[in-house]
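**Student:** Sequence:
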Amino acid sequence: MAGRAQRRKSAARQRGVLLALLALLGGLGTWNYQQNLAAERAEVRPYRTLSDADLATLIAAVESEAAAASSRYELARGEPTGRVAADGDRFEDFERAQQRSRAVRELGQAAAGHEAMLAQLRDEQGRRAGQGDERQRFLRRLFGTR
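Here the numbering used here = 1-based position in the sequence shown + 38.
Hints in this document: simulated from the structure, not taken from any laboratory.
No experiment lies behind these values; they were computed from the predicted model shown.
Ideal Cβ placement from N, Cα and C applies to all residues, glycine included.
Any given hint could turn out to be false.
Computed Cβ-Cβ distance ranges for the label pairs, DEER-style [said to hold, decoys possible]:
#, residue 1, residue 2, range
1, S48, P84, 54 to 62 Å
2, E144, P84, 19 to 27 Å
3, L57, L180, 19 to 27 Å
4, E153, V82, 14 to 22 Å
5, V82, L113, 31 to 39 Å
6, L88, L113, 19 to 27 Å
7, L177, A150, 36 to 44 Å
Could you build all of it, start to finish, from the sequences and the hints given here?
**Tutor:** Quick look at the structure:
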C-alpha cells in the first residue's frame, strides 16, 4: 500500500511539472506571437490595404506607364545635342543645352519613379503569395522569428 501511495505522489508531481511546462510554453508562444504580429504591423507596406484584384490592376497600369516613360527617356537621351554655335550664339546654345539636359533628367527621374513603384507593387504581391492561409499565418506568428 505504501508503494501505491508513493507512486500516486510521484505521478501527481510529474503532472504538476508537465502542467507548469505547458503553461510556460503557452506563455512563451503568446509572447512570441504578439512580438511577430507587432513586427508585421510595423512594416511599411503602402499597398497593404488594396485588394488582390486592385493590386493586379495597378501593377498592369504602372507597367504600361513605366514602359512608356522609359521609352520617352531613351528617345530623349538619344537625340543629338544640336549644332555647333557660332561665336555670338554660344550663350543661347548653352541655355538650350541646359534646358534639354534638364528635360532629359526629369524624364529619367519619372522613369525611375515608375520602376521603383512597380518594384514596391511586385514586392507586395510576392508577400501576399507567400503568406498562405490564416492557419499558416498563425503558425508563422506563433513559432516564427522576426
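**Student:** For the hint 36 to 44 Å, verify it against the beta carbon of L177 and that of A150.
**Tutor:** holds (39 Å)
**Student:** Could you say whether the range 31 to 39 Å given as a hint is met by the Cβ separation of V82 and L113?
**Tutor:** 34 Å Cβ-Cβ, so the 31 to 39 Å window holds.
**Student:** Falls inside 54 to 62 Å, the C-beta gap from S48 to P84?
**Tutor:** holds (60 Å)
**Student:** Between E153 and V82, does the beta-carbon spacing fit 14 to 22 Å?
**Tutor:** Between E153 and V82, where Cβ atoms are some 19 Å apart, the hint holds.
**Student:** Tell me if the beta carbons of L88 and L113 are separated by a distance inside 19 to 27 Å.
**Tutor:** violated (32 Å)
**Student:** Can you tell me whether the CB distance of L57 to L180 sits inside 19 to 27 Å?
**Tutor:** Between L57 and L180, where Cβ atoms are some 20 Å apart, the hint holds.
**Student:** Just tell me: holds or violated, for the beta carbon distance of E144 and P84 against 19 to 27 Å?
**Tutor:** holds (24 Å)
Of the numbered hints given earlier, the model fails hint 6 alone.
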